[in-house]
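Asker: Sequence:
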Amino acid sequence: MENIANNESIEQNHQQPGLKGKKLSFQKLRRNDSLEMESRSFPTSHSHASTGTAMTVILQLAFQSIGIVYGDIGTSPLYVYSSTFTDGIKHNDDILGVLSLIFYTITLIPLLKYVFVVLRANDNGNGGTFAMYSLICRYAKVGLIPNQQLEDAEVSNYQLQSPNNRERRASKLKSNLENSHFMKLFLLFATMLGTSMVIGDGVLTPCISVLSAVGGIKQAANQITDDQIVLISVAILVGLFMVQRFGTDKVGYTFAPIICIWFTFIGGIGVYNFIKHDPSVIKSINPKYIVDYFSRNKKDAWISLGGVVLAITGTEALFADVGHFTVRSIQISMCSVTYPALILAYAGQASFLRKHNNLVSDTFYKSIPDSLYWPMFVIAVLAAIIASQAMISGTFSIIQQSLSLGCFPRVRIVHTSTKYEGQVYIPEVNYILMIACIAITVGFKTTTKIGNAYGIAVVFVMTLTSALLVLIMIMIWKTNMLLVIGYVLIIGSVELTYLSSVLYKFDQGGYLPLAFAAVLMIIMYVWNNVYRRKYYYELDHKVSPEKVREIAANTNFCRMPGLALFYSELVQGIPPIFKHYVANVPALHSVLVFVSIKSLPISKVPMEERFLFRQVQPKNLNVFRCVVRYGYTDVRNEQEPFEKLLVERLKEYIAEEFLLSQKVLKNGQTDENYNVDDDKVNGAQEISDDERVQEAIEREIEEVEKASRAGVVHLIGENEVIAIKGANIGKKILIDYAYNFLKKNLRQSDKIFDIPHKRMVKVGMTYEL
1 MENIANNESI EQNHQQPGLK GKKLSFQKLR RNDSLEMESR SFPTSHSHAS TGTAMTVILQ
61 LAFQSIGIVY GDIGTSPLYV YSSTFTDGIK HNDDILGVLS LIFYTITLIP LLKYVFVVLR
121 ANDNGNGGTF AMYSLICRYA KVGLIPNQQL EDAEVSNYQL QSPNNRERRA SKLKSNLENS
181 HFMKLFLLFA TMLGTSMVIG DGVLTPCISV LSAVGGIKQA ANQITDDQIV LISVAILVGL
241 FMVQRFGTDK VGYTFAPIIC IWFTFIGGIG VYNFIKHDPS VIKSINPKYI VDYFSRNKKD
301 AWISLGGVVL AITGTEALFA DVGHFTVRSI QISMCSVTYP ALILAYAGQA SFLRKHNNLV
361 SDTFYKSIPD SLYWPMFVIA VLAAIIASQA MISGTFSIIQ QSLSLGCFPR VRIVHTSTKY
421 EGQVYIPEVN YILMIACIAI TVGFKTTTKI GNAYGIAVVF VMTLTSALLV LIMIMIWKTN
481 MLLVIGYVLI IGSVELTYLS SVLYKFDQGG YLPLAFAAVL MIIMYVWNNV YRRKYYYELD
541 HKVSPEKVRE IAANTNFCRM PGLALFYSEL VQGIPPIFKH YVANVPALHS VLVFVSIKSL
601 PISKVPMEER FLFRQVQPKN LNVFRCVVRY GYTDVRNEQE PFEKLLVERL KEYIAEEFLL
661 SQKVLKNGQT DENYNVDDDK VNGAQEISDD ERVQEAIERE IEEVEKASRA GVVHLIGENE
721 VIAIKGANIG KKILIDYAYN FLKKNLRQSD KIFDIPHKRM VKVGMTYEL
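If you use the UniProt record's numbering, the sequence shown corresponds to residues 1 to 769, in order.
Check before you lean on any hint, since a few could be wrong.
What the hints assert, rightly or not - In silico DSS-like pairs for lysine-lysine, Cα to Cα no more than 25 Å straight-line:
(1) LYS706 / LYS732
(2) LYS355 / LYS288
(3) LYS141 / LYS172
Stated by the list, open to error - Okay, the calculated beta carbon distance ranges per label pair:
(4) PHE186 / VAL761: 37 to 43 Å
(5) LEU359 / SER493: 20 to 26 Å
(6) LEU359 / VAL243: 34 to 40 Å
(7) TRP374 / TYR504: 37 to 43 Å
Just so you know, these hints were derived from the structure itself, not from any lab.
Think of the CB as a built atom: it goes at the ideal place given N, C-alpha and C, for glycine as much as any other residue.
Make a model of the complete structure from these sequences and hints.
Answerer: Written out as structure tokens, the structure reads:
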């Protein structure tokens, strides 16, 4: 690293014309070389200092978050009391007990747990189950595919910030996770289960929200039957799903004002009912009323918790949607608008019910003053649609994340907005969700049964989030153990109590999200299991460097003009399908690049850090390896052609490699991290001045440009997988039937990456797994 300043002129002068404006600093040329390594531990890294966000921007984001984040939890007052008192109110003080439960539940879970603790567990600003799993994977080697590289830790977003105290306990937990195959599987299983439950939430939210809002029309038109309400709800749901392909960008600006009006209405009406009917409900802040409620009702009180938990539905959206905003903006909007409005709404409804016990089944609409009925009805329907929209969009986002980590079959991701990166649309999933929503609405017809199913999905996700959070607190944050134990005892016991209650209603609709999750889990397990088996097969049968040299030395091979991009998923070498290709086609393009598409356990990879190149020896073969790294929220079919980006980065790499050899020669020493071959050193020794260096760089780059002008061909490996002979019946069902059925009925890789069909060649090979 000495004499770097003295060599600035070389860095500035040795620039190929097409690369002008892109200075190649020597620090960037330093690198670890792990493309031939199967797995290595990452060096300790330090996070970049975060830049502050202006308060005006935070306030704007806080306002916008009201429309996106709180639609689901904000519409809960539509159905909480009716779902809690399914058999009517047996004692007037039971209302105080339930109100006290609602107050402390909203305070403990959404406010304290999520807003002030869980939001800190974001992954470079992104939240959700997969974000937490990615955070853990990045800190400990718990991924089941051995494609980790030293260079991954150098990606700016990859780096972690963690305190230096309590290292011993954190290291022990990390070591236990890394050395236990069972724990790795369990973590992946828990993440898949959480993902499945969130998708189930995305199915149930439109059903219960729209059905509850539309049901209010019965107060103004008694002649309307339940079946007609169901049909109106179905019509709204169909319209909602049909407009998904246009994205939410065009209507996004209307979300926040509508939900703000909604919160103003329910808060104001709550104050009105509180003053008019029974201000004494304020004494429910005393938890003694919870104890009295359980003493009077015993088992029935425990069962009713399944209705109380609906007051916090949509809380996971606080965390899942944090990537669109900031932690501070969500904290501000929750504390200043959402939390007080909800508390006032539930207190007002409780005051109303204290005087009208018999109206509990229609609490929300019955408690509205007559003059505000129609405005409130319209706002309620709009708020229900917005709540549904937010959960549907969240479902698309979480499937995109699981797809990028190899946990979901290939589906097409459509980005619907050029302004907002997170707005995606998945056609296949959209229609499946629509059919599921219609079937549930028509089948259950009432919010009570849907509420039973809804509660299970909500509490399961919250419990899994807590479990992953405890791992992060111990291993990454290195939190004081007393605080961890306090969190588990307080928050964990509350969530487990609610979970036991909602599971009691398994046969009353509670089975639905579990059945839905089971189907999704089977699909995800089949795809991920065979995906891993394929990777290990390629790793075990990769082409050796000796075999590549043998191919290069074979005079029977002809070189035809053009640039060939050979796609595979193997990071640590050249895939076995290359050997299959050259055995059947004795010709190679003048430049061949093996492209490995790799997903990192981070949300985004900066474009300048996306491509990682190495040259396959011998040099005259003109064969390169390229690892293209994406985060789980990155766009994979950019507007700019992928091949154009790759060729530009390849030319930059060639120039950097040549400069690297010159640096090593001029410094008179070789760094152990440098991987410079003898050909380059010898070539560098022959160059006496800067002009000849420039000519040599341009000569090498010209070969790539000439091949690119001759035509770019995309070689796609189409691997047919079958169970190995003698495999047991379980493996045959898994590979021969389940996986191949999914593969044949879903999109292929060329459609995922928008590869032009006219320049695509598929190379087939059978893998016996």
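Asker: Each of the hints needs a verdict: does it hold here or not?
Answerer: Hint check results:
no.	hint	in the structure
1	LYS706 / LYS732	violated, 48 Å
2	LYS355 / LYS288	holds, 22 Å
3	LYS141 / LYS172	holds, 13 Å
4	PHE186 / VAL761: 37 to 43 Å	holds, 42 Å
5	LEU359 / SER493: 20 to 26 Å	violated, 34 Å
6	LEU359 / VAL243: 34 to 40 Å	holds, 36 Å
7	TRP374 / TYR504: 37 to 43 Å	holds, 39 Å
When the structure is compared with the earlier hints, violations turn up for hints 1 and 5 and for no others.
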